[in-house]
Amino acid sequence: MPQENTQPKYRQIADYLRRGILDGTYPAGQPLPSEEALAKQFGVTRPAVRQGLAELRASGLVEVIMGRGTFARSPHSRPSLTRPRGVRRTPQGTYAEADGITWTAHEEPLATRTDAPLALADLLRIPPGEPLYTYDALETAAPGLRQLHRTYVPFSVLVDTKYETEAPPPAPQLYTALSDLGHELHFTEYLRPRMPLPDQAQALRLPEGVPLLTILRVTHTPEDKPLALEEFHLPGNDLELSYPL
Numbered sequence: 148m149p150q151e152n153t154q155p156k157y158r159q160i161a162d163y164l165r166r167g168i169l170d171g172t173y174p175a176g177q178p179l180p181s182e183e184a185l186a187k188q189f190g191v192t193r194p195a196v197r198q199g200l201a202e203l204r205a206s207g208l209v210e211v212i213m214g215r216g217t218f219a220r221s222p223h224s225r226p227s228l229t230r231p232r233g234v235r236r237t238p239q240g241t242y243a244e245a246d247g248i249t250w251t252a253h254e255e256p257l258a259t260r261t262d263a264p265l266a267l268a269d270l271l272r273i274p275p276g277e278p279l280y281t282y283d284a285l286e287t288a289a290p291g292l293r294q295l296h297r298t299y300v301p302f303s304v305l306v307d308t309k310y311e312t313e314a315p316p317p318a319p320q321l322y323t324a325l326s327d328l329g330h331e332l333h334f335t336e337y338l339r340p341r342m343p344l345p346d347q348a349q350a351l352r353l354p355e356g357v358p359l360l361t362i363l364r365v366t367h368t369p370e371d372k373p374l375a376l377e378e379f380h381l382p383g384n385d386l387e388l389s390y391p392l
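Add 147 to the 1-based position in the sequence shown for this note's numbering, that's all there is to it.
Hints listed in this document are in silico derivations from the structure and should not be mistaken for laboratory results.
Remember, it's a predicted structure, so these values are computed and weren't measured experimentally.
Please note that a few of the clues may not be correct.
Simulated restraints, written as ranges between beta carbons of each label pair [claimed, not checked]:
1. Gly216 - Glu311: 15 to 23 Å
2. Pro340 - Glu313: 15 to 23 Å
3. Asp170 - His253: 20 to 28 Å
4. Gly190 - Glu244: 26 to 34 Å
5. Gly216 - Glu277: 47 to 55 Å
6. Pro391 - Ala184: 45 to 53 Å
7. Pro358 - Ala289: 17 to 25 Å
Okay, derived cross-link-like pairs now, SDA-like style, lysine to any residue, Cα gap no bigger than 20 Å in a straight line [stated by the list, open to error]:
8. Lys372 - Pro274
9. Lys156 - Gly176
10. Lys156 - Ala205
11. Lys372 - Pro340
12. Lys372 - Arg272
13. Lys372 - Phe302
14. Lys309 - Pro319
15. Lys187 - Gln159
16. Lys372 - Asp346
17. Lys372 - Leu295
18. Lys187 - Ala205
19. Lys372 - Pro278
20. Lys156 - Arg204
21. Lys156 - Gln177
22. Lys156 - Pro174
The beta-carbon is built from N, C-alpha and C at its ideal position, and this holds for glycine as well.
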């Protein structure tokens with residue numbers, strides 16, 4: 148006689164749907180059974196069904212679309228967007244992203260003065276607390292792409308240049324400005340996933356359970372002297388990044 152399942156009903160519902168999503172019974176993008184159908188199948192109330200679905204939302208396996216229902220999100224499916232990473236120099240002498248996407252800032256980025264926190268000071272090889280020019284922007288591009296973009300430029304990099312008395316432009320225009328100062332530019336990126344903060348999830352319109360991709364890009368000389376640092380926050384739900392090796 149099979150052993151009776153002693154798990155709470157909501158956990159049984161979550162396990163049942165999880166298995167169905169992972170084995171392809173419920174393909175990515177397809178609707179799951181309704182709350183009413185699941186409640187009848189497991190002999191529970193609809194709040195218990197919602198509790199089971201909440202577990203799957205937190206793990207990124209389902210997405211709830213208001214007015215339409217709950218849809219499967221398979222971790223094995225291919226993302227709809229692949230973005231090549233890198234910076235290239237155009238024949239006109241300007242710099243462009245390798246993915247060719249043109250981003251538009253919601254508001255004109257304004258330079259603010261901040262002090263370098265320990266983690267960024269380490270990457271920029273400057274003392275913690277050194278003043279930085281900082282730009283923040285929420286950027287959008289078609290079709291429906293969003294990213295948060297922050298640029299940091301240490302004051303010490305700008306000594307004896309015209310930018311001692313005026314703020315340099317934000318990236319990507321910053322690359323041309325640094326090049327005009329006589330620097331040969333190279334770039335290194337550091338990538339890590341994490342869960343978003345509430346304001347980041349709201350700005351990027353991230354569903355519950357979707358991670359954030361954080362990219363730190365250091366602009367440096369051939370001698371590996373850091374000149375600037377950028378921080379990108381990208382949605383991690385339907386996106387992959389590619390890097391040439």
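Pair hint lysine 156 and glycine 176, alpha-carbon separation not exceeding 20 Å: 25 Å, violated
Range hint compliance [Cβ, glycine 216 to glutamate 311, 15 to 23 Å]: The hinted range 15 to 23 Å is violated for glycine 216 and glutamate 311, with Cβ atoms some 59 Å apart.
20 Å Cα cutoff - pair lysine 187, alanine 205: 24 Å, violated
Glutamate 313 and proline 340 - C-beta distance against the hinted 15 to 23 Å: Violated, at about 37 Å.
CB-CB spacing for alanine 184 and proline 391 relative to the 45 to 53 Å hint: Given a distance of about 48 Å, which is inside 45 to 53 Å, the answer is holds.
Restraint status (C-alpha distance of lysine 372 to proline 340 at most 20 Å): Since the Cα atoms of lysine 372 and proline 340 sit roughly 26 Å apart, the hinted pair is violated (cutoff 20 Å).
Holds or violated: lysine 372 to aspartate 346, with C-alpha atoms at most 20 Å apart: Judged against 20 Å, a Cα distance of about 33 Å means the pair is violated.
Holds or violated: lysine 372 to leucine 295, with C-alpha atoms at most 20 Å apart: Distance ~25 Å between lysine 372 and leucine 295 Cα, so the pair is violated.
Outcome for the supplied range 17 to 25 Å, where the beta carbon pair is proline 358 and alanine 289: Holds, since proline 358 and alanine 289 (Cβ atoms, about 24 Å apart) stay within the stated range.
20 Å limit on alpha-carbon distance, applied to hinted pair lysine 156 and proline 174: Roughly 24 Å between the alpha carbons, so the hint for lysine 156 and proline 174 is violated.
Holds or violated: lysine 309 to proline 319, with C-alpha atoms at most 20 Å apart: 18 Å, holds
47 to 55 Å as the expected CB spacing between glutamate 277 and glycine 216, which holds or is violated: This hint holds: roughly 52 Å between Cβ atoms.
Against the hints set out earlier in the document, violations occur for numbers 1, 2, 3, 4, 9, 11, 16, 17, 18, 21, 22.
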